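*Asks:* Below are the chains, spelled out letter by letter.
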Amino acid sequence: QQKVQQSPESLSVPEGGMASFNCTSSDRNFQYFWWYRQHSGEGPKALMSIFSDGDKKEGRFTAHLNKASLHVSLHIRDSQPSDSALYFCAASEPSDNSKLIWGLGTSLVVNP
Amino acid sequence: GPKVLQIPSHQIIDMGQMVTLNCDPVSNHLYFYWYKQILGQQMEFLVNFYNGKVMEKSKLFKDQFSVERPDGSYFTLKIQPTALEDSAVYFCASSLLGGRAETLYFGSGTRLTVL
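In order, the protein sequences belong to chains L and G. First residue of the first sequence? That's 1 in the numbering used here, and the numbers climb one at a time after it. First residue of the second sequence? That's 1001 in the numbering used here, and the numbers climb one at a time after it.
Treat the hints as calculated values from the structure; they're not laboratory data. Since this is a predicted model, take the numbers as computed values, not measurements. The reader is advised that the hints may include incorrect statements.
As the list claims (entries may be wrong) - Negatives, chain L to chain G, calculated, CB over 10 Å:
| hint | residue |
| --- | --- |
| 1 | GLU42 |
| 2 | GLY54 |
| 3 | HIS64 |
As the list claims (entries may be wrong) - Using C-beta positions, here's what the derived DEER-type ranges look like:
| hint | chain 1 | residue 1 | chain 2 | residue 2 | range |
| --- | --- | --- | --- | --- | --- |
| 4 | L | ARG77 | G | THR1103 | 39 to 49 Å |
| 5 | G | PRO1070 | L | SER82 | 17 to 27 Å |
| 6 | L | GLY41 | G | LYS1053 | 31 to 41 Å |
No residue lacks a Cβ here, since even glycine has one placed at the ideal position from N, Cα and C.
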């Protein structure tokens, strides 16, 4: 069983629309969450981290964490074609060494 | 932003041969990582490395795998001998410090094909 599960598998939104991604952990040890974005042919790039319950906003991006339900979400408002990419949720194990456990990703297409 | 460079971007080798994947981490970073991504599957942690030593490795980090970073040179992942199941994209990453709150910076990956 995957410890980090993402939904939906793919998503299509119009330019200017809202894109929303979901992520759930099955391991209560995972308390630190990251959102990474990967454009085709590139490596993942960190978008946001969230470690505390509630919302965290950075520009067009808002992450939300509910530790009780182990659910984290990411919302992109005013989506742009350049936002088209794979979005990964990753969680950190409680370790002094950074070791990320990844979901399978959500493919986003923003249509002009 | 900080850049991690990986060389080569593609590598095709015959099963049983040795391969070395090279990574130039962000210059002031102290922690280095290798991750493996197979198409359609999740990215998986292989190993992390600090101060010349492997700190933690996963069960995917087989005995045929080794990592090193001789002073002033690349952080490398060596596979000897290679197997068909080693075909994947290998991503190198680095972070300034260790710990679960640290941001990892990834390279663009090396696509390894074992024939």
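*Asks:* Would you mind marking each hint as holding or not holding in the structure?
*Replies:* Hint by hint, here is what the structure shows:
The beta carbon of GLU42 of chain L sits about 5 Å from the closest Cβ of chain G, which is not more than 10 Å, so the claim that it is off the interface is violated. Residue-level check passed: GLY54 of chain L sits 17 Å from the nearest beta carbon of chain G, beyond 10 Å. Every beta carbon of chain G lies more than 10 Å from that of HIS64 of chain L, the smallest distance being close to 18 Å; the non-interface claim holds. Here the CB-CB span from ARG77 of chain L to THR1103 of chain G is close to 23 Å, at odds with the stated 39 to 49 Å.
At roughly 39 Å, the beta carbons of PRO1070 of chain G and SER82 of chain L sit outside the given window of 17 to 27 Å. Between GLY41 of chain L and LYS1053 of chain G the beta carbons are some 33 Å apart, a value that agrees with the proposed interval 31 to 41 Å.
Violated hints for the displayed structure, listed by number in ascending order: 1, 4 and 5.
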